[in-house]
Amino acid sequence: MGAFLAALGLIVGGGVASVLTGRRRSWRSRAAVTGIVAGSLCGLVAAVRVLAGAPTPTLHVPWRVPYGSFSLAIDPVSALFLVALFVLAPLASVYGGRYLEEEHGDESLGGVWLFTGLLVAGIALVFTARNAVLFLVAWEVMSIAAYFLVTFEHYRDEVREAGWTYLVATHLGTAFLIALFLLMGRAGGSLDFDEMQLGHASPPVAGLLFVLAVVGFGTKAGLVPFHVWLPEAHPAAPSHVSALMSGVMIKTGIYGLLRVLLLLPSPPAWWGWLLIAMGVASGLGGVLFALAQHDLKRLLAYHSVENIGIITLGLGVGLLGVHAGLPLVALAGFAGALLHVLNHALFKGLLFLGAGAVAHATGTRDLDHLGGLGKRMPWTGATFLVGAAAISGLPPLNGFVSEFLIYTGAFAAATAGRGAVLAAAIAGAAGLALIGGLAVACFTKAFGAVFLGEPRGTSAGRAREVAAALRLPMVALAAACAGIGLAAPWVLAGMSRALAQVARALGLPAPDAQIETLRSALAWVSLGSLALLAAVAAAAVARRLLLRGRTVAAGPTWGCGYAAPSPRMQYTASSFAQPLVDLFRPVLRTETAGTPPSGPFPAPASFASATPDPADRRLYRPVFAGVAALFGRLRWVQQGRIQLYLLYLVATLLILLLWKVR
Amino acid sequence: MFEINTLLVGLLLVNFVLLGASRLGTSVRQVAAQGALLSLLTLAEHAGWSAPWRVWLLALGSGVVKAVVFPYFLRRALREADVRREMEPYVGFTASVLVGVTALAASLWLASRLPLPGPVASPLLVPVSLFTLLVGLFLLVSRRKALTQVVGYLVLENGVFCFGLALPEDAPLSVEVGILLDIFAAVFIMGIMIYHISREFDHIDTDRMSSLRDETT
Amino acid sequence: MIAALLLAPALAGVVALLLRSDRLRRALLVATALTHLGLVAAAWRTGPAGPPAAWLRLDPVGMLVLGVTSVLFAVAAIYAVGYLAHEERTPRPDIEEDTLFANGPEAVFTGCLLFFLATMTLVTVSQNLGVLWVAVEATTLASAPLIFFHRHHRSLEATWKYLLICSVGIAVALLGNFFLAMAASFGPSGSGSLVLHELIAGAPGLHARWLKAAFVLLLVGYGTKMGLAPLHTWLPDAHAEAPSVVSALLSGALLNCAFLGIVRAYQVLGAAGQGRFAGDLLIDMGLFSMALAAVFIVAQPDFKRLLAYSSVEHMGILAVGIGLGGGAVFGALLHLVNHSLAKGMLFLLAGNILAAYRSKSTARVRGVGAVLPVTAALWAAGLLAITGSPPFGPFLSELVIVKGAIDGRHPVVTVLFLLFLAAAFIGMARPMLAMVQGEPRPELPPSGHDRWLTVAPAVVLGLSVLLLGLWIPSWLDGALRAAARVVGGG
Amino acid sequence: MDAAPVLRYLLAFALAPLLGGVITKTKAFFAGRTGAPLLQGYFDLAKLLRKGTVYSTTTSWVFRAGPVVTVGAVAVALALVPMGGTPAPLAFPGDFLLLAYLFALARFFTIAAALDTGSAFEGMGASREAQFSALAEPGLVLCFLALTRSAGDLSLSVSLGALSFAAWRSHAAVLALVAAALFIVFLAENARIPVDDPTTHLELTMIHEVMVLDHGGPDLALVEAASWLKLWVLGALVVGVAVPVRTGIPALDGGVFLAAMLLLGVAVGVVESAMARLRLLRVPQLLVASGVLAALATALISG
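Listed in order, the protein sequences are those of chains A, B, C and D. So in our numbering, spot 185 of the first sequence is number 185, and the numbers just go up one at a time. So in our numbering, spot 213 of the second sequence is number 213, and the numbers just go up one at a time. So in our numbering, spot 434 of the third sequence is number 434, and the numbers just go up one at a time. So in our numbering, spot 54 of the fourth sequence is number 54, and the numbers just go up one at a time.
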C-alpha cells in the first residue's frame with residue numbers, strides 16, 4: 001500500500017510542480033511527466049504484486065467527513081484495472097509531454113498537467129476506494145479533471161460544446177451513483193464496501209440497485225444509449241488525453257458495475273440478458289456509427305463505444321453463466337471481459353496516439369484529406385496497423401484472445417443451455433461475429449484511408465514522421481498487443497486471482513478447473529498464432545528467394561487502361577464505407593447534401609455527408625429543448641410588478657393557512 | 001372616550017373610508033386617524049385613565065408617531081413628489097368596498113371560530129383587527145402609488161398591533177418600544193425612498209417601476 | 001461578551017457616520033470587523049454562555065450563524081476597502097443604459113455596513129422571539145441603503161421592492177409572534193411569554209391550532225426575508241443591483257439570519273410534538289424553492305441574478321434539510337456554512353468581473369481566464385462548489401441531506417431533490433464556464449487585472465470551502481452536532 | 001500425434017489447385033467447350049513463380065505483405081479443419097474461432113493491399129469485399145454454433161468427427177440447414193457465383209478479382225494459392241457436414257472425402273453454369289439468409 005500511496009503522491013505532485021514551474025518551458029512538462037512515470041511504476045509494482053499472489057493491501061484511516069472513511073484496498077480485481085491504468089498512463093504522458101510542447105509550446109501548460117495528474121490519480125483512487133463517499137469524491141475529481149482536459153483548446157467553439165455535453169452527462173450519471181450508493185448504504189447498513197451486507201437484499205431492492213448502477217456507470221462507460229457524450233468529448237481532447245479517457249477512464253464505469261455486482265446478491269437471469277442486450281446494442285451501434293465517420297478520432301471514439309459493448313457482453317455472458325449454474329460460461333465471460341478491459345486500454349491507447357501523430361503531422365483528422373502516410377510515417381503506420389488489427393480481433397494479437405474467451409463463454413452456454421439462455425447465447429455469438437466483421441471493414445477503411453495509397457491533400461503530402469518521444473509509446477503499446485496475443489495462457493494465469501475473487505463473490509465453486517480449461521485452449525491459440533507467424537515468415541522468405549535476381553520494375557498503378565490516374569481518383573473513406581452505410585441507413589440516418597454531376601460536360605459537383613448521433617439528436621436534445629421552453633414560459637412569474645409580488649405573499653399565506661391549519 | 005366598542009367601530013369605518021378614498025391626502029389623513037384610534041384603544045383596553053404608566057407611555061408614543069409623525073412624513077413626500085393626488089387603483093373604489101365587505105364577513109366568521117384563552121375586552125376586537133389586517137394587505141396589492149403602499153403597510157401594522165391588544169398579557173415594554181421604533185424607521189426610510197423615486201421617475205407609480213424582471217418577452 | 005459583540009459594530013457605525021476621512025473610515029470598518037471576529041472566536045472558545053432564560057444568549061445554533069456571519073463580514077470588509085478604493089467619485093455612465101449615476105455617500109455606506117453587522121449579531125443572540133423580530137426588521141432597514149449605494153433607478157426599484165416586500169413579510173411574522181403568544185397563554189401555566197426557553201419548556205401546553213397558524217405566519221414572514229419561493233421575489237433584484245460586496249453579505253449572512261427565525265419557530269413546534277407538521281411544510285416550501293430557482297437559473301442572462309437565484313435554491317435546500325429532520329439537520333447546518341462561504345466568494349468574484357467588463361451579461365462576458373486568471377480559476381472552482389461537486393464542502397452537506405431523505409424513506413423528496421440539483425447545475429455551469437473560457441469579445445474589451453485586495457478575500461473563502469470538503473475540523477463538527485441537537489436532529 | 005493428419009494436410013495442400021480445375025472443367029463441359037486442362041492451376045502457378053514482378057510506385061510494404069500474410073493465414077486455417085473424420089493437426093476447444101478470424105486476417109490484408117494501390121477499381125472491390133464478408137461472418141459463426149451444439153463439444157474436429165449418417169437420420173433437418181448455410185458461406189467467401197464472378201472481365205462488376213489486379217509474378221502466385229486453399233478449407237467443412245462417412249477405416253474415409261471434395265467442385269461448376277451473378281444489392285439478403293438458416297438450425301437442436 002505504501003507503494004500505491006507513493007504513486008498517488010508522485011502523480012499529483014508532478015502536476016503541482018508543473019503548475020509551480022509555470023511558463024518555464026524546460027521544466028513544466030518534464031516535471032509532470034517524470035511524476036506520472038515514476039508514480040505509475042510504483043503503482044504498477046503494487047498492483048502486480050497483488051496479482052502475483054501477495055495479500056490484499058488495505059488502508060483504513062478515519063476521515064472526518066460525514067459517513068466518510070479513507071479506506072483503500074487493492075484486491076485482485078482492483079489490481080487488474082490498475083495495471084491497465086499504470087501501463088497506459090506513463091506512455092500517454094511521455095507522448096503528451098512532447099506533443100504539448102510542440103503543439104501548444106507558447107501556452108501555459110501548468111493547468112493541463114495538473115488536471116492530467118488529477119485524472120490519473122482520481123482513476124487510481126476510484127479503482128481502490130472502499131468507501132462510498134471516498135469513491136464519489138475520487139469519481140468527481142476524475143470526471144472534472146477530464147472536463148478541463150477536454151476543454152483544453154477552449155477557444156474553439158466545438159470543443160466547448162463537446163466539453164459541455166460531457167459535463168452534463170457525467171454529472172447526471174453521478175446523480176444516479178449518489179442515489180445508488182446511499183441506497184446501498186441503507187440496505188447494507190454501511191457506506192464502507194467491506195461492511196455492506198447486501199447478500200440478503202430483497203429482489204426488488206437488488207434490481208433497483210442494479211438498474212441504478214447500469215445507468216450511472218453505463219453513462220461513464222459510454223453504453224448505448226448513454227454514450228452521446230463520448231464521440232463528442234474524446235475527439236475534442238488532446239490525443240494523449242483521449243487515449244487515457246478512452247483507454248482507462250471509461251473503464252471506471254465497467255469497474256464500478258463489476259464492483260457493485262460483486263456486492264449484490266446472486267444475479268437473476270434478466271440482469272444477464274439486459275447486459276447482453278446493451279452490450280450487443282453498444283457494439284453494433286458503436287461500430288456502425290464508426291463506419292459512417294470522416295473524423296479519425298471520432299471514428300476511434302465510436303469504437304470505444306463498440307468495445308465497451310463487447311466488455312459488457314462478456315459481463316452479461318458471465319452473469320448468465322452464474323445464473324444458469326454453468327461455471328465455465330461464467331468464467332469465460334468474466335475472463336474475456338476483464339482481459340478485454342486491459343486489451344482495449346492497450347490498442348485504443350495506441351490508436352489514439354497514432355491518430356494524434358497523424359493530426360500533428362498533417363494538421364487534419366479528416367479521412368478524406370489524408371492518405372499515403374504509410375511511406376511518410378512508417379513507424380506510425382506500422383504501429384497503427386498493429387492496433388487496427390488488434391481492435392478488429394485478429395490473431396495473433398490480443399484483441400482476438402479476449403474475444404475468443406467471450407465467444408467460448410457464449411458457445412459453452414449454447415452447447416449446455418436451453419431456452420432463454422440459448423437465445424441469449426445465439427444473440428451474443430451472432431452479435432460478436434457481426435461486430436467483428438464490421439470492425440474489420442471499419443479499420444481497413446481507417447488504415448487504408450490514412451496510410452495507404454496517395455495523399456488526398458497537400459498537408460498529408462508534406463507530412464513527416466513524428467519525434468521519437470511520440471513514436472516510443474506507440475511501439476511499446478504495439479509490442480504489448482502482440483505480446484498478450486502470443487503469451488495468452490500466461491496472461492490468463494496472471495488473471496486467475498482476480499477471476500477467483502469474482503467467482504467467490506458470485507458464489508461459484510473455486511474456478512481452478514475452468515481456468516485450466518481456458519488456459520489450455522489459449523495455449524493452443526497462441527500455438528496457432530506462432531504457427532501463423534511461422535507460415536507468414538516462410539511465405540515471405542520464399543517470395544524473397546523467388547524474386548532474387550529477377551526484374552522488379554516500378555510503374556504506375558494499373559488503371560485498367562487509364563493512363564493518368566491522380567490521387568483525387570482514389571476511393572475515399574466515405575465511398576469505401578458507402579455500401580455498408582447504405583445498408584444500415586435505417587439505423588444511421590446519414591444526412592447527405594450535394595449536387596451530382598450532370599450533362600455531357602458536368603459542372604463542378606459536390607457531395608457531403610454527416611451522421612449525427614440519433615440518441616443525441618432525437619432523444620436528449622428535444623427533451624432539453626422542451627424543458628428550456630417550458631421554463632421560458634414560467635419566467636412570467638417574475639415580471640416586475642411589486643403588487644403582484646405582494647399578491648404571491650398574500651396568496652401563499654392564505655393557501656398555507658387554509659390548507660395546512662385545521 | 002374609552003368605550004372600546006365605539007373605538008373599534010371607528011376603526012372599522014376608517015377602514016372602509018380607506019378602501020373608498022380616491023385621493024392620497026384622504027388616505028393619509030385616515031391612516032393618521034387610525035393611529036390615534038389605536039392609541040386610545042390601547043388605553044381603553046387597559047382600563048382607561050387608570051392604566052399603568054407604561055401603557056400610557058406606549059399609547060402616547062404610538063399615538064404621536066402614527067397620528068402626527070407619519071402623516072407629516074407622508075405629506076412632505078407628497079409635496080416634494082408633487083404628483084397628481086388621485087389613486088388610480090387597479091381595483092375600482094366600489095369594487096374595493098365590496099371586497100372590504102367580504103373581508104369583514106370573513107374576519108367575523110374566522111374570529112367566531114378562533115378559540116381564545118380568556119375573556120377579551122370586546123368581542124369586536126379580534127374581528128376588527130383581522131379586518132384591518134386584510135384591508136392593509138388588500139391596499140398593498142390593489143393600489144398603484146408608492147405612497148398608498150406605505151399607507152397599506154401602516155394599516156397592516158395597525159391590524160397586527162390591534163390583534164396584539166387581544167393578547168391576555170402584553171409584550172414586555174422593551175419589545176413594544178423596539179417594534180414601534182422599527183416601524184418608525186421603516187416608514188422614515190420609505191419616505192426617503194418615495195422622495196428619491198419621485199426624483200428619478202418624476203412619478204411614484206410603482207407599476208412603472210418594473211424594469212427588473214426575468215420575463216423573456 | 002454579548003454586549004461587546006453588539007456594541008462594537010453599533011458604535012463604530014455611529015462613528016463612521018461622523019468621520020470625515022475615507023481612509024480612517026475604511027480602517028475603522030476593517031478594524032471593527034476583525035474585532036468582531038476576534039470576539040466571536042473567543043465566544044466559540046468559551047462555548048454557549050448565559051442563563052437559559054436570558055433574552056440575549058448564545059446558543060449553539062446562534063453561535064453557528066454568528067460565526068459564519070462574522071467570518072464573511074470580515075472578509076467582505078477587506079474586500080470593501082479594495083472595492084471602495086477603486087470606485088469613482090464622480091457621476092459615471094450607467095452600464096446598461098446611457099444615463100449618468102453617482103454613488104451614495106461613503107459614510108452612509110460604511111455606517112450602514114456596520115449597523116447591518118450589529119443587527120445581524122442581535123438576530124443571532126436573541127432568545128426572545130420579540131427581540132428576534134425587532135432585530136430581523138432592523139437588518140432590513142440597515143441594509144436598504146446599502147442596496148441603494150449605486151444611485152440609479154434600477155437600484156432604487158430594487159431597494160423599494162426589498163424594503164416593502166420584506167417589511168410586509170416581517171409584519172406577518174409579527175402577527176405570527178402574537179399567535180405564538182396566544183398559543184402560549186393557554187393552559188394552567190399559560191404566560192404569554194415569547195422567551196424561547198420558556199416556550200420550549202411549556203411546549204406541551206401550547207394550543208395546537210394557534211401554534212400551527214403561528215408557524216405558518218412565521219414561515220411566510222421570515223421566509224419572505226429568507227427568500228423561499230414564491231416569497232423570494234425581491235431577492236434577485238436586490239442581489240443584482242446592490243454592490244457585489246453587499247450582495248455577498250445579503251446572500252451569505254442575511255438569509256441565514258432570517259432562516260434562524262424559522263429555525264426558532266421550528267424548535268418550538270418540535271418541542272410541542274408538531275415537528276412533522278412543520279417539517280412537511282418546510283420540505284414543501286424548500287422543494288418549491290429549488291424548483292422555481294431552477295426555472296430562473298436555466299438560461300439566465302445576468303450572472304448576478306444567476307447567483308441570486310442559486311441562493312433561493314440553496315435556501316430551499318436548507319429548508320428541506322431541516323424539514324427532513326434526523327441526520328439531515330446536520331447536513332442542513334453544514335450546508336448553511338458551505339453555502340455562505342461559497343456564495344460569498346462567488347459574489348465577490350462577480351464584483352471583480354463586473355468591474356473589469358462593466359457588464360453583467362453572461363452572453364457577452366468571455367475569456368475571463370485570459371484577463372483575470374485568479375478570479376477565473378476561483379470562479380470555476382466556486383461553480384463546482386456551489387453546485388455540490390466534490391471535493392468541495394457543499395457536496396458533503398448535500399450528500400448528508402440526501403442520505404437523510406433516503407434513510408427517512410422519502411423517495412419522492414430524494415428524486416426531486418437530485419433532479420433540481422442537476423437542473424441547477426446544468427443551468428449554472430453553462431454560462432459560468434463559458435464566461436471563463438474562450439477569448440474576450442472585441443465589442444466588450446475588458447480592462448484591469450487581479451488586485452490582491454479584491455482577490456485575496458475570495459481566495460480565503462475558496463480555500464475554506466475546499467477544506468470543508470476534505471476535512472471537517474473537530475471543533476466545527478462538534479459545534480454542528482450541538483446545533484443539530486438543539487434543532488432536534490440527530 | 002500420429003502422422004495421418006499431417007499427411008492429409010500436405011495432401012490437401014497439394015490437391016487444392018485441382019479443385020479449381022474441376023470447377024472450370026465442369027463449367028466448360030456445360031458450356032460445350034473443351035476448356036482448360038484439369039491441372040491448369042498447377043501450370044499457372046509454375047508460370048507465375050518463374051516471373052519477375054512490377055510494383056506500383058504508389059504502393060508501400062503493405063502491398064507486398066498482403067499476399068504473404070494471406071497465404072500464411074489460410075495455410076494455418078487449413079491445419080484446423082478435419083478431413084474425412086480424422087481430427088485436424090490443430091484441434092482444440094474453440095479452434096473454429098481461430099479459423100474464422102484467420103480468414104478475417106487474410107481479408108484484412110487483401111483489402112489493405114488493394115487500397116494500397118490507390119486505384120479506384122481496387123478500392124471498389126475492397127469495399128464490396130469488406131461489406132459482404134462482414135455480413136457472411138455471422139453465418140459462418142452460427143454454423144459453427146450449430147455444429148458445436150449438435151456435438152456438445154467446442155472443437156471442430158470433435159464435432160465434425162461426431163457426425164455420421166446416423167446423425168443425419170436422427171436430425172436431418174438441422175444438418176441440412178447447416179449444410180445449406182455453410183454452402184452459401186462457402187460460395188460467398190470464395191467469390192463464386194452467385195456472389196461474385198471470378199471469370200468476369202468487367203472490373204466494375206468484380207469483387208475479389210479486381211482487388212488483386214495489381215499483383216504479379218510470385219505475389220500473384222501466392223494470392224492464387226491462397227484462394228485455392230481457402231476454397232479447399234471451406235469445402236472441407238461443407239463436405240464434413242454433408243457427407244459424414246465414418247467407416248472407421250482411415251484410407252476409405254479419406255478416399256470418400258476426396259471424392260466428395262471433387263463432387264463439391266462439380267456442384268460448384270453446376271451452380272455457376274446454372275445461375276447468374278446476383279445484383280450486388282441482393283447479395284446481402286443471401287448472406288443474411290445463411291445466418292438465419294444457421295441460427296434456426298441451432299435453435300432446432302434439442303440440447
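Worth flagging that the hints you see were computed from the coordinates, not collected in a lab. Just so you know, even glycine gets a beta-carbon here, dropped at the ideal spot from N, CA and C. One thing to keep in mind: the hints can contain errors.
What the hints assert, rightly or not - Just so you have them, the derived chain D footprint on chain A, three or more residues with Cβ under 8 Å:
(1) 113-122
(2) 192-204
(3) 296-309
(4) 436-442
(5) 647-654
As the list claims (entries may be wrong) - Heads up, simulated SDA-like pairs for lysine to any residue below, C-alpha to C-alpha not over 25 Å straight-line:
(6) D:Lys51 with A:Trp558
(7) C:Lys360 with A:Leu654
(8) C:Lys360 with B:Ala95
(9) A:Lys660 with C:Leu416
(10) D:Lys47 with A:Val541
(11) D:Lys51 with A:Leu634
(12) A:Lys660 with C:Thr46
(13) C:Lys360 with B:Pro52
(14) D:Lys51 with A:Ala553
(15) A:Lys660 with D:Lys47
(16) D:Lys51 with A:Ala628
(17) C:Lys360 with A:Arg544
(18) C:Lys360 with B:Ser210
(19) A:Lys660 with C:Gly67
(20) A:Lys375 with D:Gly52
(21) C:Lys360 with B:Thr94
(22) A:Lys660 with C:His152
(23) A:Lys660 with C:Ala271
(24) A:Lys375 with D:Lys47
Claimed, not checked - Stretches of chain C that chain A covers, calculated by requiring three or more beta carbons in the stretch to come under 8 Å of a beta carbon on chain A:
(25) 2-15
(26) 67-75
(27) 96-106
(28) 158-172
(29) 353-363
The hints, checked one at a time:
| no. | hint | verdict |
| --- | --- | --- |
| 1 | 113-122 | violated (count 0) |
| 2 | 192-204 | violated (count 0) |
| 3 | 296-309 | violated (count 0) |
| 4 | 436-442 | holds (count 5) |
| 5 | 647-654 | violated (count 0) |
| 6 | D:Lys51 with A:Trp558 | holds (18 Å) |
| 7 | C:Lys360 with A:Leu654 | violated (37 Å) |
| 8 | C:Lys360 with B:Ala95 | violated (43 Å) |
| 9 | A:Lys660 with C:Leu416 | holds (22 Å) |
| 10 | D:Lys47 with A:Val541 | holds (19 Å) |
| 11 | D:Lys51 with A:Leu634 | violated (82 Å) |
| 12 | A:Lys660 with C:Thr46 | violated (42 Å) |
| 13 | C:Lys360 with B:Pro52 | violated (58 Å) |
| 14 | D:Lys51 with A:Ala553 | holds (12 Å) |
| 15 | A:Lys660 with D:Lys47 | violated (101 Å) |
| 16 | D:Lys51 with A:Ala628 | violated (73 Å) |
| 17 | C:Lys360 with A:Arg544 | violated (74 Å) |
| 18 | C:Lys360 with B:Ser210 | holds (18 Å) |
| 19 | A:Lys660 with C:Gly67 | violated (35 Å) |
| 20 | A:Lys375 with D:Gly52 | holds (23 Å) |
| 21 | C:Lys360 with B:Thr94 | violated (46 Å) |
| 22 | A:Lys660 with C:His152 | violated (42 Å) |
| 23 | A:Lys660 with C:Ala271 | holds (19 Å) |
| 24 | A:Lys375 with D:Lys47 | violated (31 Å) |
| 25 | 2-15 | violated (count 0) |
| 26 | 67-75 | violated (count 0) |
| 27 | 96-106 | violated (count 0) |
| 28 | 158-172 | holds (count 7) |
| 29 | 353-363 | violated (count 0) |
In terms of the numbered hints stated before, the structure departs from hints 1, 2, 3, 5, 7, 8, 11, 12, 13, 15, 16, 17, 19, 21, 22, 24, 25, 26, 27, 29, listed from lowest to highest.
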